[in-house]
Amino acid sequence: MKIKAKGPEFVELDYTPMIDMTFQLIAFFMILINFSDAEVDDRVQLPSSAIAKPPSAPSEMPLTIQMVRDGKIIMNAQLLPNAESLRPYLKNEKSVMELKRQNPKDVNIIIRAHKDSKTGLVQQIIKVCQEIGFEKFTLRAKSEAAY
Amino acid sequence: MPLRIKKAGLPDKIPIDMTPMIDIVFQLLTFFCMTLKVASMEGDFSIKMPLAAPRAGLPDPNQLPPIKLRLRSDAAGNLVELSLNDRAFAGADRFKQLHNHIASIVGEGSLAASAEVELDCDFNLKYEYVIEAITAVSGSTTPDGQLVKLVEKIKFAPPRSE
Numbered sequence: 161m162k163i164k165a166k167g168p169e170f171v172e173l174d175y176t177p178m179i180d181m182t183f184q185l186i187a188f189f190m191i192l193i194n195f196s197d198a199e200v201d202d203r204v205q206l207p208s209s210a211i212a213k214p215p216s217a218p219s220e221m222p223l224t225i226q227m228v229r230d231g232k233i234i235m236n237a238q239l240l241p242n243a244e245s246l247r248p249y250l251k252n253e254k255s256v257m258e259l260k261r262q263n264p265k266d267v268n269i270i271i272r273a274h275k276d277s278k279t280g281l282v283q284q285i286i287k288v289c290q291e292i293g294f295e296k297f298t299l300r301a302k303s304e305a306a307y
Numbered sequence: 233m234p235l236r237i238k239k240a241g242l243p244d245k246i247p248i249d250m251t252p253m254i255d256i257v258f259q260l261l262t263f264f265c266m267t268l269k270v271a272s273m274e275g276d277f278s279i280k281m282p283l284a285a286p287r288a289g290l291p292d293p294n295q296l297p298p299i300k301l302r303l304r305s306d307a308a309g310n311l312v313e314l315s316l317n318d319r320a321f322a323g324a325d326r327f328k329q330l331h332n333h334i335a336s337i338v339g340e341g342s343l344a345a346s347a348e349v350e351l352d353c354d355f356n357l358k359y360e361y362v363i364e365a366i367t368a369v370s371g372s373t374t375p376d377g378q379l380v381k382l383v384e385k386i387k388f389a390p391p392r393s394e
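Protein sequence lines, in the order shown, are assigned to chains A and S. Quick note on numbering: the first sequence equals residues 161 to 307 in this note's numbering. Quick note on numbering: the second sequence equals residues 233 to 394 in this note's numbering.
So here's chain S without its partners, still in its complex pose (with noise of 0.2 Å):
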């Protein structure tokens, strides 16, 4: 029969006190909770407004004059009225008609690169039309996430009085 010595001084079994980790550990989860800003994901449209200056030399030749984009509001800062230069559009996908417009007639030529397109609105018109026109101007995403791009160039017209 083996002989089982036993070790003098020392139990089967260490216990680890584990009341020190589990306070900081839920410190940290604590914090983390506490800190968690939840944000939905912001992107950018970028416009290149310098203050009117008069122009020295020659007009560049190259140069296209801006399409304006005309919108309209009703006191209450709805969109009554959205219109191209002399066309209008109406109804509930008058943004993508705008876009197919835009997108005929800058198409995937070099115009892109030159259009221009002023946006002319209503003082009182609330500002998410602006940026769904800006989005209708600007180009679109394919089904794929790809995005196609249409006027680089975008500008306001001088602000409407109130």
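With the rest of the complex left out, here is chain A (with noise of 0.2 Å):
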């Protein structure tokens, strides 16, 4: 004789739970992405300071200089073992800017040194860009709490 088990015959698993926490995760992680094409090197770990604000407004011209802590310089993805190595390629960026009929004096070179480098590097990097034509400098550093 054939038993048949009480049981129902196909068990359906409740899928709206999981389905519900994996799209708040989605939700979640496409709200914290950053787009932004800001070059952040990992080997920089900037200075802190209290009254360091992030700018309202994106910098027009902006170009990005980083110094890591042994002071070797990224540019463009680009690791350069000092200042001087820099003069090529600012010198290519200005050329770039003349031919879109753009002033040199505009560019906003941010400098972004990690907090142990000396900063007779930082200073030397400031020259070497004075004297190809740079003008407008920012110094970054990492936003903490006041006083």
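Among these hints, one or two may not hold up.
[Said to hold, decoys possible] Quick list of the computed label-pair ranges, beta carbon to beta carbon:
1) A:266 - S:384: 12 to 22 Å
2) A:217 - S:346: 22 to 32 Å
3) A:215 - S:345: 51 to 61 Å
4) A:190 - S:389: 40 to 50 Å
5) S:246 - A:222: 52 to 62 Å
6) A:238 - S:346: 37 to 47 Å
7) S:345 - A:218: 17 to 27 Å
8) A:256 - S:283: 14 to 24 Å
9) A:258 - S:307: 23 to 33 Å
10) A:251 - S:319: 35 to 45 Å
11) A:251 - S:271: 46 to 56 Å
Hints are computed from structural coordinates only; laboratory data are not their basis. By construction, the Cβ of each residue, glycine as well, lies at the ideal position given by its N, Cα and C atoms.
Build the complex: two chains, separate frames, hints provided.
As structure tokens, this is what we get:
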């Protein structure tokens, strides 16, 4: 004699909580995602400042130069040994701007230097940029709580 | 007794195949997880430093001479002396002292717009001290988050040799 099991023949899983959770996670990551093309290198640990606030609007003509702890410089994803080696790259940027009829004096040089790097090396970067014809500089720092 | 007529050909419950949707959703989740970059907020200090050129004509009478801030370091790059003109600041709260001193000089008057601080730093000085000094002379934030500006013009003295 065939005995029929008492339970249902087909167990239907309730996917609703899992799908709810997954969509919430997707929404969370979509809000957090950052598509900005700002050059940020993980090797650069910025110094902190209580009054450094993010700019209300992005710079019109930014040019980012980064310096890692040992003084090496990163520009356009290239690791350069010192400030002097920036010169050809900066001249190239200047030529491109002149072709586009833009004034190099309006370019905002953003300096992201490691907190333990030597100030003299940062000043060397500024000096090389000045000699090429750039005037506006921005020192970037990490925002922290006030005094 | 009411007669119940079953529609021919249609089952009671139409099962929806969730597999493709769940596949896509998990792929999206993986994409967002892998592209997430946790970055802290960053802020800027602007400095305008044209290359020094001979000035034509008379100097601007409203332009005050720069307030010279000297930052001296040891060989390891640690700050050993912080002085503004001839006044030295020492102790753990030296930057707070500097901030208070600058606030007493500049105050809330018209000097804030015209005052200029020139940072004279040793070559080996760690850059974080420079940012700390710029923070101290630039202003502070009130408990409700408002920025109180002090000196807006900041420049570097010519770099010292190593």
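Tested hints:
{"no.": "1", "hint": "A:266 - S:384: 12 to 22 Å", "verdict": "holds, 19 Å"}
{"no.": "2", "hint": "A:217 - S:346: 22 to 32 Å", "verdict": "holds, 26 Å"}
{"no.": "3", "hint": "A:215 - S:345: 51 to 61 Å", "verdict": "violated, 20 Å"}
{"no.": "4", "hint": "A:190 - S:389: 40 to 50 Å", "verdict": "holds, 48 Å"}
{"no.": "5", "hint": "S:246 - A:222: 52 to 62 Å", "verdict": "holds, 56 Å"}
{"no.": "6", "hint": "A:238 - S:346: 37 to 47 Å", "verdict": "holds, 41 Å"}
{"no.": "7", "hint": "S:345 - A:218: 17 to 27 Å", "verdict": "holds, 26 Å"}
{"no.": "8", "hint": "A:256 - S:283: 14 to 24 Å", "verdict": "holds, 21 Å"}
{"no.": "9", "hint": "A:258 - S:307: 23 to 33 Å", "verdict": "violated, 43 Å"}
{"no.": "10", "hint": "A:251 - S:319: 35 to 45 Å", "verdict": "holds, 43 Å"}
{"no.": "11", "hint": "A:251 - S:271: 46 to 56 Å", "verdict": "violated, 31 Å"}
Violated hints, listed in ascending order, are 3, 9 and 11; each of the other numbered hints is respected by the structure.
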